[in-house]
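Engineer: Residue-level listing of the chains:
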Amino acid sequence: MKYRRIGDHTIKFMSLFFASLILVLSAGIVYELIKGSQDSMSTFGWRFIITSTWDPVSKVFGALPFIFGTVVSSVIALIIAFPLSIGIAIFLSELTTKTIKFYVSLMIELLAAIPSIIYGLWGLFVLAPFLQTKVEPILSKYLGFVPLFQGPPLGVGMLTAGLILSIMIIPTIASITRDIFDTIPTLYKEGGFAIGMTRWEVISKIVFPQARSGMIGAVMLGFGRALGETMATTMVIGNSPTISASLFSPSYTLASVIANEFTEATSKIYISSLIELALLLFLISMIFNAIAKLFIKKGRFS
Amino acid sequence: MDSFVYLKRRIINKAMLFFSYASALIGVVVLFLILFHIIVKGITSINLHFLIRLPTPPGEPGGGIANAIIGSFIVVGIASLIAIPVGVMSGIYLSEFGENKFASIIRYFADVLNGIPSIVTGIVAYMFVVLPMHRFSALAGGIALSILMIPIITRTTEELVRMVPDTIREAALALGVPQWKVILLVVLRTASTSIITGIMLAVARVGGETAPLLFTAFNNSFMSFKLDQPISTMTVLIYNYASSPYPDWNSIAWGTAFLLILIVLIVNIISKMFTYKKYSL
Amino acid sequence: MAKKLVIEHLNAWFDNIQALKDINLDIEENSVTAVIGPSGCGKTTFVRCLNRIHEVVDKAKVSGKVLLDGKDIYSSDMDPVLVRRRIGMVFQKPNPFPTMSIFENVAAGLRLNGLKKKNELADAVERSLKMAALWDEVKDKLYKSAMALSGGQQQRLCIARTIALEPEIILMDEPASALDPISTAHIEELIQQIKEKYTIVIVTHNMQQAARVSDYTGFFLLGELIEFNKTSDIFTNPKDKRTEDYITGRFG
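Protein chains in written order, with the numbering used here: chain A, 1 to 302; chain B, 1 to 281; chain C, 1 to 252.
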């Protein structure tokens, strides 16, 4: 080690310094979020999470409507996105030629590259009116006895938000799942063909069991993305802190309320409550992503 | 052998495969549908005035988004100036010196930060920069975006530098080149195209962000090049104009969206083409 | 003896590269046919064309006819799934299904075809494992993972899995090349025992093995079938100079 040059030490030290900034940054984020939530945390305590009032005038704040809106819209997105994503992954990994796979994968990745505000724009001006005039009235007419489909068709609301979110998370789930499917060795699949399995049987009985952990991870990652999504949701969810059983009802997510009301917040407790919502959002996303990554790592065929 | 069973297997197989093909088709159709609407609604707004004039009040024609275009470039520029050196150096550290416990912790937190909801970075930058400065600023916006960019660039740089084969490192060392030169001049140079592609993608990704800018860079109806003043950006402009009740402002929102997506898609397609050529698929 | 499999003008391609050129040959029922030749001669591609697994690979093409009991397996109304029920395959590297137990591996094919009754499945699994000479070694751990077995055992498990379906023909692509000599001997013994019930086509790069186990041998070189005859004749009296050179070790 005596012959280590100054250059070697410098580069190691410099790169280490910059890398440590990541730790400093992470710590800083958590610190600032907790500090900013102090007022709200000390005023409302744990009840903050289960209170459904959000009243800036009388200064009573509760996170429940936003937790509800965030979770429900993301669950709807997942229900729609899951089968489609797996279908796309199967198509790309098992059913096409290399060229088609390249171009279709590119297109799916372009879906991921579209900025979320543009999804919001499209959702507000194209999807919402379409749902309001063509889809929701039909659902209302034939399925209106189900609480899910009650209430006036507004176009914006939980359903629209769930739909837009599903489009946004399909690329995530599909590309990770496709990558995992690609790692399953052909040898095992051929073993399945050799005993007379159909293509679907090879996929469901050989590929799926081996890819299971990874698929769960991909789905969780997609769900985590949906939880944190801001602009697209804000523009189509209606921005009303209501808790309702209807898909047509407007709702509000943690990210949306912060985006809409942060600059308007006047009192200290208002701002602090919003920051506490940010802290909640941060924690929920982080936990989901961490667990998701564990599953994905476990799922790679080794 | 039961022929009913066989028939059932055939039907299920056909149905599932059909569903799979249909899913892929839906994905592609949705993409083109969205692009179609943006092009159709946005392209009519695009003209020279749009690009070089400042915004006018609603109802008054002839306005443009010049300040927003410049603003986006400035804010993304600030973010890049911070995030590229930090990200690339961190990536190099994790790849070349990163086999220890400390590095695993850094790697873990980089992954954690990768998933941070973008609105949270806005809040953090608000508290770090806007409050002390007592004003919204381009700088605050740039810092908010850099929080998003750093983990992306770190992880992609690490992966790409790792992919440089050890044989190249050993060949250089065997020629008597000191380690630091091996890293900077040999390894980095080999991975440079890919790293630049990764950076381009990160820049495109961050250029399309809105939430972090809502209460950091905020907005500005006038042209501004000052870093310590609020500044207009394309994404925030789309949000404000789309949410407004004025149809001509809504049109401007579509036009801006068209411009934005043009840039983002071009960057993404070029990057994918680079990868295609390099690995000659 | 009846001709079980008749191959007529078989050609095969990987993308633009032609791997098999105009192969014509007949496989006798209840015989063991060895396919020999140097690396890259097309012997693996040949057997993979016999159960239509060659076409599963991207950009693979086949032309010509393969007549199983007189019917062309490549005709447009033949479902490859049914072909592969009648023509089974054992691969060079053992490939038991990793997420299934030993029992499930053997039962997999039977379950697919609708066999559900517990006791019928158990009987069939026992029968197949006995025929594959693996029963005694695994009868106490049938529900353990198949991956816990040794290489030789895994390969015999794959053979059991194939036999469970009671195919008419069993294709073996260098089944012992990844195994140690003792396992190899097991497998060769196995082939002798089961050939009364099945027709076997075995690819091998080991000429002594071909001489030991087979009744007929086909020599392939660069995608062409050079010579096909009774094993004893090929090895003692080869008609083509290239066959003679390969057998005597002048190349290969």
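Some hints could be false.
Anything over 12 Å on all C-beta distances counts as not near chain A; from chain B, calculated [claimed, not checked]: (1) 22; (2) 37; (3) 102; (4) 212; (5) 220; (6) 256.
Derived CB-CB ranges, DEER-like [to be verified]: (7) A:99 x B:270: 13 to 23 Å; (8) B:173 x A:287: 35 to 45 Å; (9) A:10 x B:175: 55 to 65 Å; (10) A:99 x C:25: 45 to 55 Å.
Keep in mind that the hints were calculated from the coordinates and are not lab data. All residues carry an ideal CB built from backbone N, CA and C; glycine is no exception.
Engineer: Please settle this one: residue 37 of chain B was flagged as non-interface, so is its CB more than 12 Å from every CB on chain A?
Structural biologist: Contrary to the label, residue 37 of chain B does not stay out of reach of chain A, its closest Cβ about 5 Å off (not over 12 Å).
Engineer: Over 12 Å to the closest beta carbon of chain A is the bar; see if residue 220 of chain B clears it.
Structural biologist: 14 Å, holds
Engineer: If you check the beta carbons of residue 99 of chain A and residue 270 of chain B, does the distance land in 13 to 23 Å?
Structural biologist: With a Cβ separation near 19 Å, residue 99 of chain A and residue 270 of chain B satisfy 13 to 23 Å, so the hint holds.
Engineer: So the hint says 45 to 55 Å: do the beta-carbon atoms of residue 99 of chain A and residue 25 of chain C match that?
Structural biologist: Given range 45 to 55 Å: violated, Cβ gap about 36 Å.
Engineer: Mind verifying the non-interface call on residue 212 of chain B? Its CB should be farther than 12 Å from each CB in chain A.
Structural biologist: Residue 212 of chain B not clear of chain A: closest Cβ-Cβ about 9 Å, inside 12 Å.
Engineer: Evaluate the condition: distance from the CB of residue 22 of chain B to the nearest CB of chain A exceeds 12 Å.
Structural biologist: 7 Å, violated
Engineer: Holds or violated: 35 to 45 Å for the Cβ distance of residue 173 of chain B and residue 287 of chain A?
Structural biologist: 43 Å, holds
Engineer: Take a look at whether the Cβ-Cβ distance between residue 10 of chain A and residue 175 of chain B falls inside 55 to 65 Å.
Structural biologist: 21 Å, violated
Engineer: Per the stated criterion, does the least C-beta distance between residue 256 of chain B and chain A lie above 12 Å, as a non-interface residue requires?
Structural biologist: 9 Å, violated
Engineer: Does residue 102 of chain B clear chain A by more than 12 Å, comparing its Cβ with all Cβ atoms of that chain?
Structural biologist: 8 Å, violated
Hint compliance for this structure: hints 1, 2, 3, 4, 6, 9 and 10 are broken, all remaining hints hold.
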